[in-house]
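Visitor: Take the sequences, apply the hints, and build the full model.
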Amino acid sequence: MGQYAFRRVLAVFPVLLAVYTVTFFLFQITPGGPWDRERPVPREVVENLNRKYGLDRPMWQQYVDYLAGVVTRFDFGPSYKRVSRTVTDIIGDFLPTSATLGIVAVGLAVAIGIPLGVLSALRPNSALDHLASFLAVVGYSIPSFIIGPLLIWICALWLGWLPTGGADTWRHYVLPAITLSLAPLALFARYTRSALLDVTHADYVRTARAKGLRESMIVVRHALRNALIPVATIGGVITAEIIVGSFYVETVFAVPGLGRYFVTSVTDRDYPVLMGVTLLLAGIVAIANLVVDLVYATLDPRIRYN
Amino acid sequence: MVLDGSLPLAREVRSPWRDTWLRLKEHRMAILGLAFIVLVALSAFFADWVAPIPFTLQDSTRAYEPPTSEHWMGTDQLGRDLFSRLLQGARISLSVGIMTQMIILIIGVPIGAIAGYFGGRVDQALMRTIDVMYSFPDLLIVIIVMASMRAAFRDPRASGVMGVLASVDSAFGGLLGVFVALALVSWLTVARLVRGQVLALRERDFIHAARASGASRRSILMRHLIPNTVGVIVVAATFGIPRAIIVEASLSFIGLGVQAPMTSWGVMLLEGYKALRASPHLIVFPAAALSLTVLAYNFLGDGLRDALDPWTGHSR
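For the record, the sequence lines run as chains A and B. Note that my numbering numbers the first sequence so that position 173 is 173, with each residue one more than the last. Heads up: take any position in the second sequence, counting from 1, add 306, and you land on my numbering.
Since the hints were made in silico from the structure, they are not lab data. Cβ atoms here follow ideal geometry from the backbone N, Cα and C, with glycine treated the same way. Check before you lean on any hint, since a few could be wrong.
As the list claims (entries may be wrong) - Dumping the calculated SDA-like pairs for lysine to any residue here, alpha-carbon to alpha-carbon at most 20 angstroms: (1) K580/B <-> L157/A; (2) K580/B <-> G165/A; (3) K331/B <-> K580/B.
To be verified - Negatives, chain B to chain A, calculated, CB over 12 angstroms: (4) P314; (5) R317; (6) W327; (7) L614.
Guide: What follows is the structure in structure tokens.
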């Protein structure tokens, strides 16, 4: 197990390095620079700015220096747009809001999605099953920037129950969290259902039935535990969905989070912020996948000996 | 028994395609989906006849009008007819979906087939790449690629290869970056599917028979393996198109996709979102169009998957 864990952890770094390299390359081939404004900027100003931020050094040196900064000091550089803040400061400003939103959304998805999947599996091909499957398809296919405004329209504008945007009180988190949770919820429901259906045909479940146990007891104490293992493997996908979904949900609901800030930085061409946030998000997904793989290996020893 | 073919057949001869079509017809939602897609595609193609008001015609005095008999879906923030814009957006959104998927297939199918058939290092390399990219927030990469390409193509100083690409880009209305970015992150899934299918087929008897009768590797690949993977490819494409449409809409919604004067459903969704409080009809129509189209493709894909391989999920 230690061997597997060690190899698995090691595998994270090349991935992040690849992300860094590709992103760095993309920024370099983009003409124009972070100093472009609507009106042409005088050349001396551009040169001075480039010198100040070290952009006049050869490319390989910028690559190595920035990488060194990140690895040794977690220093992602200063923001080009908000001149007095570093990227780390900015991340500190916005990450808590996004993290709260994300965690609540995942909680909702698990709390509603998994039971929904279980109920569908217990009565396959029933009306409930078909309804749940339909809702899952809708929740997964229809993008959050359609469902979001729809919810705003119904709950906030028409009924006036909830605010339309911002993040001041807990009420502000309700609609964004619900919208963000829909796609993961659909995934959890679908995967739980199919995993549970697979398990109910297994021999040990037949034995339990033959012994005369109540069906509900069988499901909860035997089948469910084993069915949840494959469901746990989509943890990485869920994390990625939540992160990317936050770009849109935060934009639609005007939540001051990292996702929305990332989107505006793209148009501002604030490269250090973009690089820092990209690496952070890629790192979060990589770690989520790592955790999922390690947990899975702990639960199913067959994986480790591959 | 006489074996010269003169016995009457108990059942009509049916090709596999006819079998597939008959199975598909039983899937009501899939047929509904297919019908809807055809309807939208025809309306988009014949947009100039279906919606005669030009979609660029602005009339600021009549902005934000709700649906009337003249403007079936009302007008937008610049007084343009919403129905015409919706059909125009359909053209763009559907084209992006289909073209991107074609590029994905052109790249992914050969690579997947080769990896599956030849195995070895090529296969290992492909699987490593797929594993690395599979759980990634691919939209993140798409956004960054899009932003870079957008800037690269806009730059008037572009020359050489970039210049050629820039003119291709404007021919497509600024969409080349979208095609490339989308295709780059999506071809891996198709390659993996095809590879899986080829691996499964490789050990089947009819392949052994072909090899035993002296068929070359290339001929086995071209005449046996690839035709038998068509089912998997068709299903993957049917699910890939709505995904591409949604990604395009997502990019346009944050301002990185289709640019003015072109319009797409994503652009219309953004405009509708901004006007949500006062004029909800601006977002309702594109939202319904996009949602229904995506659902239609998904149902069709489900039906096709069941129709093409009824053994899925059962043991052979």
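Visitor: Any hints this thing doesn't respect? Which numbers, in order?
Guide: As far as the earlier hints go, only 3 is violated by this structure.
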